[in-house]
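*Asks:* Single-letter residue listing:
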Amino acid sequence: MKNENIITQLSIFINNEPGRLAAVAGILKEFNIDVKGFNLAESTEFGILRAIVDDPDRAYDIIRSQGVIVKKTDVIGIAIRDSPGSFFEAADVLGKAGMNIDYGYAYSNKDFDFLFVRVDDAEKAAEVLKDAGIKLIEKSEI
Amino acid sequence: MYWNEKIECMPVEDLKKLQYQSFKALVSSLYGFNKFYHDRMKGAGVLPDDIRSLEDVQKLPFMYKEDLRNNYPTKMFNVPNTEIVRFHASSGTSGKPTVVGYTKNDLAYWTEALARSLTSIGIGSDDILQVSYGYGLFTGGLGLHYGAEKVGASVVPSSTGNTERQLELMQDLGVTAIACTPSYLIHMNTVAAKMGIDFRRDTCLKKAVLGAEPWTESMRSKVEGSMGIRAYDIYGTSEQAGPMFTECEERNGIHIAGDIMYTEILDPETGELLENGERGEMVVTMLKKEALPIIRFKIKDISSILKDECPCGRTSPRISRITGRADDMLIIRGINVFPSQIEYTLMRMPEIGEQYMIEVTRDGALDHMKIQVEIRPEVFSDKVSDMVSLRTRIESELKKYLDIAAVVELRAPGELPRFEGKAKRVIDKRVM
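Protein chains in written order, with the numbering used here: chain A, 1 to 142; chain B, 1 to 432.
Be aware that one or more of the hints could be misleading.
As the list claims (entries may be wrong) - With beta-carbon atoms standing in for the labels, derived distance ranges: (1) A/G67 x B/A365: 38 to 46 Å; (2) A/D92 x B/K400: 53 to 61 Å; (3) B/D428 x A/N16: 20 to 28 Å; (4) A/F31 x B/K400: 40 to 48 Å; (5) B/A193 x A/S86: 44 to 52 Å; (6) A/A132 x B/K424: 53 to 61 Å; (7) A/R58 x B/D198: 22 to 30 Å; (8) B/D428 x A/A132: 57 to 65 Å; (9) A/S83 x B/A365: 54 to 62 Å.
As the list claims (entries may be wrong) - Here are a few chain A residues that sit away from chain B, every Cβ distance over 10 Å (derived from the structure): (10) I14; (11) G26; (12) E42; (13) I48; (14) R58; (15) V68; (16) S83; (17) M99; (18) Y105; (19) E127; (20) E141.
Stated by the list, open to error - Output of the computed footprint for chain A on chain B, the stretches with three or more beta carbons under 8 Å from beta carbons of chain A: (21) 142-154; (22) 272-281.
Since the hints were derived computationally from the structure, they do not count as laboratory data. Glycine is no exception: its CB is placed at the ideal position from the N, C-alpha and C atoms.
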């Protein structure tokens, strides 16, 4: 069975120029791609848009067909309680397991707050966190 | 296979004798009838009688591109208008345009040179050659057209543009060879990929004759690898007639028909004649020209004459790949840089596509060079750190090979300009 805790993120390469993000957003609108959460990282001349979307496989095919560079990346969503120390627990578990968090960004649904994190081995990170009793979001909960 | 074995394989000493005789006749006639060159020889204190050997040619004064501009359009022509059967004109990218003219004999030797060249790379009556050079004032289209007809190839005169249609024709007619600029072939390859055309599977294309802009060995391996063809370099500018000389099957240097053009390689600093094998500035004399004399013309191309005999049997001298134009040379913080060297360095890196742009600016007294490259989709990473380290690696390669500090910018595929004619990849924004 596929791991329900491994979430597919779309990573999109965007040149850092006025109108480029709008062009990608236009594709999302035109093809009715629902964005649940996203994060924008920037370097001097380019940016990387990371997005959690509805039906990532369909969205990937559409974005690719529009000539945009897009890639699928595995991430996991860690539940965070609205209290101090909550994020520490998860980060500490990963740190002790020798796993580095490359980047992360927050997301909320009606029940929980989550942090989507990118690690090198998402399967292993999910296992370690679950063993430590930390709740991970499932695909169906997004 | 030779087109004109007697001339192409003539003993070197005989060729030199022939060149000397042509020179002698040319100089006497110009001194007598061409005001421009008469005055220039007088100014240099040289008389036709001073030319007693091929070595004496070095006493003759140079001609420059500016001479053609200053005598625009036809003041330097050596024949009455009634003898002229065609004009071509340069686009004038580096100044006022220049006009060149041809008599019937001028067209004949140009076509003859191309017939020899095409035969040397195995293009003949069995071939269907698509000429995707621009037809018109540019010499490429019409030049290749008549050369190919001369050897009996079937010509598809498609000129530039409308690439989808060109690809359809190429498939439908079973085109076996194409002549175009290297950047246009790369453009075609990109368009073909989008249309789902695989050159190996869907076309009969075997050969490409590429020129009119500088390109490199690494670009050759890229197009050959991705399209399953053999690519050949062609050389010739409008002052010489047009594209006319190519590599042979050996693909080690371009054979220059010695009965048509005499080539000297000079030290760019001292003007001294260099030994074969040494790189320097090319100076050319067109030995058969009638309409527009070209004597010791400083063509501004950087090359060398290769030392060894060519295994193909042709004795005509070979020049090495043009590594840059003296005009194209960029001086960045006092270091000489040829765009072709930058291209060579970039093309060795598999992460980068074929297109790039170079921008030079000046901030106070400091030159800055920015190089934009297109990344290949498969090297894209969602981590900024991966992308930044790719960029740093490209920058350090440039530093290592060219000793220049350039800022590299990564672009998405398809973002940089494509060129259907002459590629203009250098933007120099410095005000000198």
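*Asks:* Broken hints, numbered, in rising order?
*Replies:* Checked against the structure, the hints that fail are numbers 2, 10, 12, 13, 15, 21 and 22, while the rest are satisfied.
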